Structures are given as structure tokens and as C-alpha cells.
Amino acid sequence: MRAFRDVASPHFVRIAQEFYDRIRQHEDAHAVFTGEAQIARLQRSLVQWMERLFGGCYDEAYFEGTAKIGRVHVKVGLPQRYMFTAMALIRSSLIRLADGSSPGGPAVVDAISRLLDLELAIMLESYRDDFVARLQHVERLERQALGASLARTEHRYINAVELAHVLIVGLDARGTILLFNQEAERVTGFARDEVLGRTLPEVLSLDESAHGDDLRAVLAEFAAAPPHGEADAPAPPSLPNALRIMCWTPRSTPGPGRCARCCGT
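Take the UniProt record's numbering: the final residue in the sequence shown is number 265, and no numbers are missing along the way.
Check before you lean on any hint, since a few could be wrong.
[Unchecked claim] Ranges of calculated distance between the beta carbons of each label pair, as one might list FRET restraints:
hint: 1; residue 1: L115; residue 2: R14; range: 30 to 38 Å
hint: 2; residue 1: R152; residue 2: R192; range: 17 to 25 Å
hint: 3; residue 1: D28; residue 2: R114; range: 48 to 56 Å
hint: 4; residue 1: L135; residue 2: A107; range: 38 to 46 Å
hint: 5; residue 1: Y82; residue 2: S149; range: 18 to 26 Å
hint: 6; residue 1: R114; residue 2: R14; range: 35 to 43 Å
No wet-lab data here; the hints were simulated from the structure.
Quantities reported herein were computed from a predicted structural model and do not represent experimental measurements.
Using N, Cα and C, we set each Cβ at its ideal position, and we do this for glycine too.
Work out the full structure, taking the sequences as your base and the hints as a guide.
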């Protein structure tokens with residue numbers, strides 16, 4: 001490659017000019033650039049890139065230089081497809097030059113092709129890295145949004161259920177207690193960890209000191225009833241200070257470990 005540079009170097013300016021002349025013929029490709037001043041600057045950069053390409057030293061610094069070019073292309077928003085077509089134009093010009101004037105013949109052509117393939121692969125890694133970074137950014141935003149939504153849900157839950165001044169008990173489809181709010185603890189005298197995972201009739205039978213036979217009967221019947229997947233009709237208004245019992249089931253079909261019924265007084 002270093003030997004081929006002596007043959008090719010006088011043609012680099014011409015190749016760069018022809019390259020950008022072709023760019024001007026394609027409206028979409030030409031629209032990527034801001035104007036002729038930028039094209040002139042990039043044309044000089046292309047000549048420097050070809051000088052470096054055939055320098056013969058392909059170390060870590062060379063790799064990082066190529067990766068930097070790829071990152072610049074990503075930063076300016078150059079579509080990935082233009083990387084392939086641009087490299088194809090450069091490849092065609094260099095191979096024609098090697099075929100016509102290089103003493104190395106097929107070996108030089110093969111080396112040019114492999115070197116340009118490596119250049120393209122390294123540059124395209126920048127597009128992959130950018131895609132992964134953007135994907136991770138979206139995932140972080142989604143996690144943050146989910147966290148905020150869960151926090152709002154938890155806040156509403158605490159205000160609507162835990163701190164409510166009514167007794168609220170949540171049951172799964174088998175009648176097992178999954179939710180037992182603070183008012184339920186106060187009224188029944190049972191701590192939450194005493195009742196969670198047990199059936200409501202079982203818990204109520206532990207205390208026969210008359211929280212109300214009617215209340216126990218209603219709750220036991222409700223716990224034994226199969227879920228029907230529709231919200232029960234709202235209870236009619238009751239008089240102030242009168243006992244009121246409400247039982248309801250969710251509209252959606254509950255999954256394992258989720259409340260299928262709730263009751264409140």
C-alpha cells in the first residue's frame with residue numbers, strides 16, 4: 001500500500017473532485033451538505049484520508065482515526081446508505097488506477113479492496129454504536145416514565161386505600177386476602193401480617209365477638225362467589241352513620257396474585 005501511494009498520490013485531488021462532482025448530480029446526497037464551502041473543505045479532507053489510507057501503518061491510532069470519521073458522519077446525520085455508495089465510488093477509481101499503472105497488479109487490487117472493506121466496517125460501527133446509545137436512551141426514558149407512573153399509582157393507592165377512613169379488604173379469585181388497609185386493622189383488631197394469605201371466612205371465624213353476624217355472612221358469601229369480571233352496580237345512598245357494605249369486582253380478568261374482589265364498609 002505504501003508503494004502504491006507513490007503511484008496514486010498525484011491522482012488524489014482529481015479523484016476527490018470527481019467524487020464530489022458525482023455528489024452534486026444527486027439531489028438527496030447533495031442536500032446533506034450546507035454549501036460549496038463545506039464541500040471544498042470535505043474535498044481536502046478526502047485527499048488527506050487517501051494519503052493516510054496508503055500510509056502503510058495500520059495501528060491503534062489508525063483505527064481510532066477511522067472510527068472518528070465514522071462518528072463525524074453520524075453527528076452530521078449522513079445516511080448510512082451513502083457510506084456504501086461513497087466507498088464504491090472511491091473503490092472504483094482506485095482499482096482503475098491500480099489496474100492501469102501499478103506494478104503489483106492483482107495483489108494491489110486485492111489489498112485495496114480488503115483495506116476499503118475494513119475502513120467501511122470500522123466507520124459503520126459508529127452507526128451501530130449510535131443506534132445502541134439511542135436505544136438505551138429511549139429505554140432509560142421509558143423506565144423513568146414507568147417509575148413516575150408507578151410512583152403516582154402508589155401515591156393514589158396510599159391515599160385511596162391505605163389512608164381511607166373505611167375498612168377495605170382485597171381478595172384474590174380464591175377468596176384469599178391480599179389487601180388489608182389500616183382501617184381494617186383498626187376495626188378488626190388484626191394486624192396485616194396476621195391475615196394476608198388467609199381466607200376471609202377463616203379470619204373472621206377467629207373472632208366470634210360480634211363484629212356483626214350480618215357482616216360476616218355477607219363477606220363470606222362474597223368471598224365464595226365466582227368472579228364475573230364486571231363492576232357491581234353502586235350501592236344506594238345510606239343514612240349518615242349507618243352501616244354500609246360495598247363489594248365489587250374488576251372489569252378486567254385478574255391474574256394470579258391480583259385482587260379479584262374488594263369489599264369496604
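These are the hints, each one checked on the structure:
Range check, L115 to R14: Cβ separation about 20 Å, and the 30 to 38 Å hint is violated. For the hinted restraint 17 to 25 Å between R152 and R192, the CB-CB distance of approximately 23 Å keeps it satisfied. Between D28 and R114 the C-beta distance comes to about 30 Å, which lies outside the given range of 48 to 56 Å. The supplied range of 38 to 46 Å is met by L135 and A107, whose beta-carbon atoms lie about 42 Å from each other.
A beta carbon spacing of about 40 Å between Y82 and S149 contradicts the range 18 to 26 Å that was offered as a hint. Between R114 and R14 the C-beta distance comes to about 24 Å, which lies outside the given range of 35 to 43 Å.
When held up to the earlier numbered hints, the structure conflicts with 1, 3, 5, 6 and fits the remainder.
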